[in-house]
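Chemist: So the sequence lines, in the order shown, correspond to chains V and S.
If you read the first sequence in this note's numbering, its first letter stands for residue 1, the second for the next number, and so on.
If you read the second sequence in this note's numbering, its first letter stands for residue 392, the second for the next number, and so on.
If you're looking for bench data, these hints aren't it; they were derived computationally from the structure.
Every value quoted in this text rests on a predicted model; they were computed, and no experiment measured them.
Among the hints, erroneous ones may be present.
Unchecked claim - Taking lysine-lysine pairs in the DSS-like style, the calculated list, with each CA pair at most 25 Å apart, reads: (1) Lys185/V with Lys660/S; (2) Lys259/V with Lys239/V; (3) Lys343/V with Lys387/V; (4) Lys187/V with Lys660/S; (5) Lys161/V with Lys660/S; (6) Lys660/S with Lys195/V.
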Amino acid sequence: MRKTLLAAGAALLLAAGPAAAQQKTIKIGFISTFSGPVAVIGNDMRNSFELALDHLGRKMGGIPVEVIYEDDGFKPEVGKQKTDKLIESDKVDFITGYIWSNVLLASLKSAVDSKTFLITANAGPSQLAGELCSPYVFSSSWNNDQTPQSVGLYMNQKGVKSVFLIGPNYAAGKDMLAGVASTFKGKVVGQELTKWPDQLDFSAELAKAKDANPDAVFVFYPGRAGVQFLTQYAQAGLKGKIPLYTAFTIDELSLPLQKDLALGVPGAQQWVNDLPNDANKKFVADYRKKYNSRPSFYGAQSYDAAMLINSAVVATKGNLSDKNAVRRALEKADFKSVRGNFKFGPNHVPIQNFYLQDVVKDGNEFVLKTTATIVKDFQDVHHAKCKMPAN
Amino acid sequence: MTLFIEQCLNGLQFGLLLFMLAAGLTLVFGIMDLVNLAHGSLYMIGAYFAATFTAWTGSFLLGVAIALGGTLLVGMAVEVIVMRRLYGRDHLDHVLATFGLILFFDESVRLIWGPAGLSLPLPSWLNAPVQILPGIYYSAYKLSIIIVSLAVAAGLYFLVMRTRIGMLIRAGASNREMVGALGVNIKLLYTLVFGLGAALAGLAGLMQAPILTVQIGMGEIIIILAFVITVIGGIGSIRGAFVAAIFVGLIDTLGRSYFTDLIRLAFSKETAATAAPALSSMLIYLLMAVVLVVRPEGLFSAGQK
Numbered sequence: 001m002r003k004t005l006l007a008a009g010a011a012l013l014l015a016a017g018p019a020a021a022q023q024k025t026i027k028i029g030f031i032s033t034f035s036g037p038v039a040v041i042g043n044d045m046r047n048s049f050e051l052a053l054d055h056l057g058r059k060m061g062g063i064p065v066e067v068i069y070e071d072d073g074f075k076p077e078v079g080k081q082k083t084d085k086l087i088e089s090d091k092v093d094f095i096t097g098y099i100w101s102n103v104l105l106a107s108l109k110s111a112v113d114s115k116t117f118l119i120t121a122n123a124g125p126s127q128l129a130g131e132l133c134s135p136y137v138f139s140s141s142w143n144n145d146q147t148p149q150s151v152g153l154y155m156n157q158k159g160v161k162s163v164f165l166i167g168p169n170y171a172a173g174k175d176m177l178a179g180v181a182s183t184f185k186g187k188v189v190g191q192e193l194t195k196w197p198d199q200l201d202f203s204a205e206l207a208k209a210k211d212a213n214p215d216a217v218f219v220f221y222p223g224r225a226g227v228q229f230l231t232q233y234a235q236a237g238l239k240g241k242i243p244l245y246t247a248f249t250i251d252e253l254s255l256p257l258q259k260d261l262a263l264g265v266p267g268a269q270q271w272v273n274d275l276p277n278d279a280n281k282k283f284v285a286d287y288r289k290k291y292n293s294r295p296s297f298y299g300a301q302s303y304d305a306a307m308l309i310n311s312a313v314v315a316t317k318g319n320l321s322d323k324n325a326v327r328r329a330l331e332k333a334d335f336k337s338v339r340g341n342f343k344f345g346p347n348h349v350p351i352q353n354f355y356l357q358d359v360v361k362d363g364n365e366f367v368l369k370t371t372a373t374i375v376k377d378f379q380d381v382h383h384a385k386c387k388m389p390a391n
Numbered sequence: 392m393t394l395f396i397e398q399c400l401n402g403l404q405f406g407l408l409l410f411m412l413a414a415g416l417t418l419v420f421g422i423m424d425l426v427n428l429a430h431g432s433l434y435m436i437g438a439y440f441a442a443t444f445t446a447w448t449g450s451f452l453l454g455v456a457i458a459l460g461g462t463l464l465v466g467m468a469v470e471v472i473v474m475r476r477l478y479g480r481d482h483l484d485h486v487l488a489t490f491g492l493i494l495f496f497d498e499s500v501r502l503i504w505g506p507a508g509l510s511l512p513l514p515s516w517l518n519a520p521v522q523i524l525p526g527i528y529y530s531a532y533k534l535s536i537i538i539v540s541l542a543v544a545a546g547l548y549f550l551v552m553r554t555r556i557g558m559l560i561r562a563g564a565s566n567r568e569m570v571g572a573l574g575v576n577i578k579l580l581y582t583l584v585f586g587l588g589a590a591l592a593g594l595a596g597l598m599q600a601p602i603l604t605v606q607i608g609m610g611e612i613i614i615i616l617a618f619v620i621t622v623i624g625g626i627g628s629i630r631g632a633f634v635a636a637i638f639v640g641l642i643d644t645l646g647r648s649y650f651t652d653l654i655r656l657a658f659s660k661e662t663a664a665t666a667a668p669a670l671s672s673m674l675i676y677l678l679m680a681v682v683l684v685v686r687p688e689g690l691f692s693a694g695q696k
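Build the full structure now, drawing on both the sequences and the hints.
Modeler: Following this line, the structure appears as structure tokens:
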């Protein structure tokens with residue numbers, strides 16, 4: 001009798017086995033900057049991620065979603081601590097967010113070692129596309145140098161013969177300047193890297209740029225520094241004299257402060273507010289309705305990150321313990337991206353179009369507009385260095 | 392050569408701006424023996440006031456004038472409400488309390504003006520470059536910062552060296568107890584000095600606002616440089632703060648402009664491109680270290696004269 005009871009109990013346990021693997025909630029950790037002057041970026045990312053969850057009915061594959069937001073305080077060491085906390089004590093299934101390349105690089109090892117899937121919604125350090133690529137790391141953004149490479153291609157089209165490069169001295173800044181230099185066919189007459197994020201006065205660098213007298217100046221200053229740069233560019237008397245080309249310097253978050261200083265300054269981006277696909281129309285319209293402002297590319301990438309995670313949860317029917325299955329599902333990128341076509345390269349970095357964006361005045365508002373496709377199905381140059389383990 | 396002149400002007404402008412901040416800091420530190428970490432918050436308040444009042448009045452100069460008065464009042468209120476309770480206490484208490492003030496000001500600004508920051512647009516007559524020497528154009532606004540700062544420095548010199556209040560301030564910096572013992576209303580003097588320091592910080596903040604943006608925490612990076620200047624110049628010495636500020640401004644700007652080329656002479660282009668920005672941002676601190684070794688009391692020490 002006891003034996004049969006035990007056997008029955010064991011059978012019950014066995015039967016319960018697959019059910020236990022089904023999760024009660026999908027836990028997602030979200031790391032971004034929610035304090036200090038760049039908190040506007042973090043807020044936009046969170047708003048977009050929340051909007052995506054609204055669109056999904058706050059469930060993925062029928063399982064409720066719980067998101068834990070953590071502030072990296074704009075500092076790599078804090079970002080790493082928060083990543084460790086999310087992985088070790090919250091035991092999240094996915095971790096996403098990450099504005100800054102240096103924060104992501106510091107946090108990467110924790111995610112990879114614990115086999116937690118990490119989807120970077122902005123940061124795209126070149127190491128990640130190359131030697132540091134991992135089966136557990138995906139990007140819903142780009143690799144750092146792709147956008148400036150597109151700008152370099154555009155400057156070739158415009159017949160620019162010489163350029164002066166200015167950017168901040170950290171992982172992304174170096175990637176950006178190297179990116180332009182790699183596709184630009186003319187001469188790079190000078191390059192300046194400034195202390196990041198402390199230095200906000202660019203007078204010395206601008207004086208050098210003026211002295212070099214190039215055909216164009218290329219600049220990369222994300223967040224508030226982009227406003228400061230454009231202001232000082234005009235004050236130094238360079239606006240209108242030397243054409244300015246940008247990457248990640250003018251976006252929907254900085255534009256309300258840059259205003260007419262940004263008019264006539266082109267940039268490249270993989271996503272613009274006005275891309276005419278259905279997913280994007282819905283995203284932009286609902287975002288404007290809910291938050292009464294325009295989403296930025298940071299937000300668009302976060303929205304895509306949520307949709308990407310959802311596609312994997314749905315495909316694996318919520319069984320996230322099978323890491324290989326989750327990885328296969330993520331690699332398929334079976335979701336409607338707000339940027340239209342979206343597919344992953346072998347290093348989990350998207351292969352995508354890059355557009356030329358221009359600032360136009362719409363009534364009293366300044367908005368970004370797509371004016372051309374600079375490059376189609378653009379793949380980063382680092383993927384050859386990535387030795388992705390087979391699945 | 393044009394470039395060198397322009398860079399020197401940039402350095403001078405940056406130095407003078409730092410002097411505005413350091414002057415208030417060194418006065419408060421020297422006379423009241425008070426470490427005020429929240430000095431950067433007053434810098435921020437000055438900028439926020441200027442952006443707000445300029446938008447309200449529609450006039451840049453009027454907005455700036457109201458903002459200056461406003462910051463002076465905020466400074467005096469802070470002295471009466473908070474700082475008065477800290478005199479005679481340990482420096483660690485000062486640091487703790489004024490750090491609390493930073494958090495208080497940052498959060499208040501977030502509540503009042505929101506997290507997104509403001510911009511302070513310049514009137515068009517300040518927003519264009521002017522010709523200062525044949526063939527040399529310089530930003531009219533930066534030039535006006537230099538002129539205003541020099542005027543303020545001269546006014547401060549006159550106030551401290553030639554007036555009765557200045558005499559009391561100098562006496563307070565040399566020997567506080569004795570000034571009190573001689574029947575000077577030290578409380579009022581302290582409130583005035585703190586308000587003056589706040590107004591100077593506010594002036595620095597509002598002058599910097601059109602170049603940078605007005606944002607929460609904008610004073611926290613620059614205040615470190617102001618502390619470096621008070622240490623180099625000698626605590627309590629306005630003259631020391633002036634000389635040290637010009638030094639620091641020039642070293643920082645010229646370092647940023649020419650250090651890369653210097654390093655390139657000895658090392659490869661790659662090394663220079665990455666090492667130079669890091670090294671040039673250390674120059675100021677190297678200067679401070681050297682001064683601390685050679686003259687631990689600073690270049691011009693107020694206590695000894």
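Chemist: State for each hint whether it applies.
Modeler: Hints, one by one, checked against the model:
1. A hinted pair counts as satisfied when its Cα atoms are at most 25 Å apart, and Lys185/V with Lys660/S qualifies at roughly 20 Å.
2. For the given pair, Lys259/V sits about 14 Å from Lys239/V by alpha-carbon distance, which is consistent with the 25 Å threshold.
3. Simply put, Lys343/V and Lys387/V have alpha-carbon atoms about 19 Å apart, close enough for the 25 Å limit, and the pair holds.
4. Annotation: proposed proximity of Lys187/V to Lys660/S holds, straight-line Cα distance about 16 Å (limit 25 Å).
5. About 22 Å separates the Cα atoms of Lys161/V and Lys660/S, which keeps this hinted pair within 25 Å; it holds.
6. Distance check on the hinted pair: Lys660/S and Lys195/V sit about 18 Å apart at the alpha-carbon level, within 25 Å; holds.
Every hint, counting from the list given before, is met by this structure.
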